[in-house]
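Protein chains: 2
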Amino acid sequence: MATPTPTRQRRRGHDPESVLATAVGVFNERGYDGTSMEDLARALGVTKSAIYYHVPGKEQLLSRALDRALDGLFEMVADERASSGAAIERLEWVVRQSVRLLIDRLPYVTLLLRVRGNSGTELAALERRREFDRFISRLVTEAATEGSIRADVDPGLVTRLLFGSVNSITEWYQPARGASADDLADALLKMTFGGLRVDPAA
Amino acid sequence: MATPTPTRQRRRGHDPESVLATAVGVFNERGYDGTSMEDLARALGVTKSAIYYHVPGKEQLLSRALDRALDGLFEMVADERASSGAAIERLEWVVRQSVRLLIDRLPYVTLLLRVRGNSGTELAALERRREFDRFISRLVTEAATEGSIRADVDPGLVTRLLFGSVNSITEWYQPARGASADDLADALLKMTFGGLRVDPAA
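Sequences listed follow chains A and B, in order.
So for the first sequence, UniProt numbering puts the first residue at 1; every next one is plus one.
So for the second sequence, UniProt numbering puts the first residue at 1; every next one is plus one.
Because the hints were derived from the structure by calculation, they are not lab data.
Note that the coordinates shown come from a computational prediction; the quantities given were computed from them, not determined experimentally.
Everything hinted at is true.
Same chains, same names: a pair is fine if it fits in one copy or spans any two.
Subject to a maximum C-alpha distance of 20 Å in a straight line, what follows is the list of computed SDA-like cross-link-like pairs (lysine to any residue):
{"id": "1", "residue 1": "Lys190", "residue 2": "Arg150"}
{"id": "2", "residue 1": "Lys48", "residue 2": "Val26"}
{"id": "3", "residue 1": "Lys58", "residue 2": "Asp39"}
{"id": "4", "residue 1": "Lys190", "residue 2": "Gly147"}
{"id": "5", "residue 1": "Lys190", "residue 2": "Ala151"}
{"id": "6", "residue 1": "Lys190", "residue 2": "Pro155"}
{"id": "7", "residue 1": "Lys190", "residue 2": "Val153"}
{"id": "8", "residue 1": "Lys190", "residue 2": "Ser148"}
{"id": "9", "residue 1": "Lys58", "residue 2": "His14"}
The following block holds chain A by itself, in its conformation from the complex (with noise of 0.2 Å):
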């Protein structure tokens, strides 16, 4: 009885979901300071006087877009998987982890790597990128107390120089052509952690 009009039609095929996802594209590609409430309408399709019924604020979805990518790092940290068993395990499971979050949320991750404090959602976001810093941090320092890595290099250094390789996938992965997150995360874990070099002797 009631065939919904085409307004309606319109305003369903905008989701909070769809809706996020869009802005994040767009977020990605003009830079978060850079887009306008128009540049989202446009995306979006719909009329400038139309957009706010759809769009809550900028910053209200920079904040849930970058959840999507903080909330996937900590549901990794609280895993049993990341808190039993030898550090160099949970280490290599959450090096491992974070390739597939990245590849799996690969918008949502990049525009997280692209924050750079211009707000408070900003600041709060880099706390949380802090805190996961912390503790993959603190695996490196245990997986060396146990004396299954190296403990010639400073723990902290390990942890950049570690997730710098891991973090660098946005910067040239395509999802279309590239290689699935598995062959990824084994070519990293092959050289970060069992080295590039052969040894001689073997």
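Given chain A's structure and the hints, the job is docking chain B onto it.
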């Protein structure tokens, strides 16, 4: 006899080198596209009308700045130590030199890594970066062929993950209180070539 006028003194304070250094600082802070000639005038402490006396044009400054980073990379490629000897030694030397170059020309390399191809100048810079990447990728292949690095990871992937770690240094390095270029290079080479894992049999 000819005492310089205050204007002359001010102009002398802005030799091409210091203009370039100031401009690169502003580009990195505000983003190249977000920087106006007025921003550059303010940073140089000259009036809006005097800026064209000091600055040939925004894109020329960008071009010079990117060359400062890229020329460094290609001087390295042309060096004897990058072209003769075992591939593994050449590869390690190039990685170490890349870290040194990055620290030595930090703002220039930072700018280069942010280039996305928005103009002819940026596209040319990206093409030179890709040429450098191909050089590294060939070196990784040679090292795998000579049997000195593991052959079970794609050379293109190794190149990206390895330089992902190198390039990430621009994200967090603080010249005033950071490790030296050689400390950083040591940590990076130990992790990526030696591997983090300690052989339990050793």
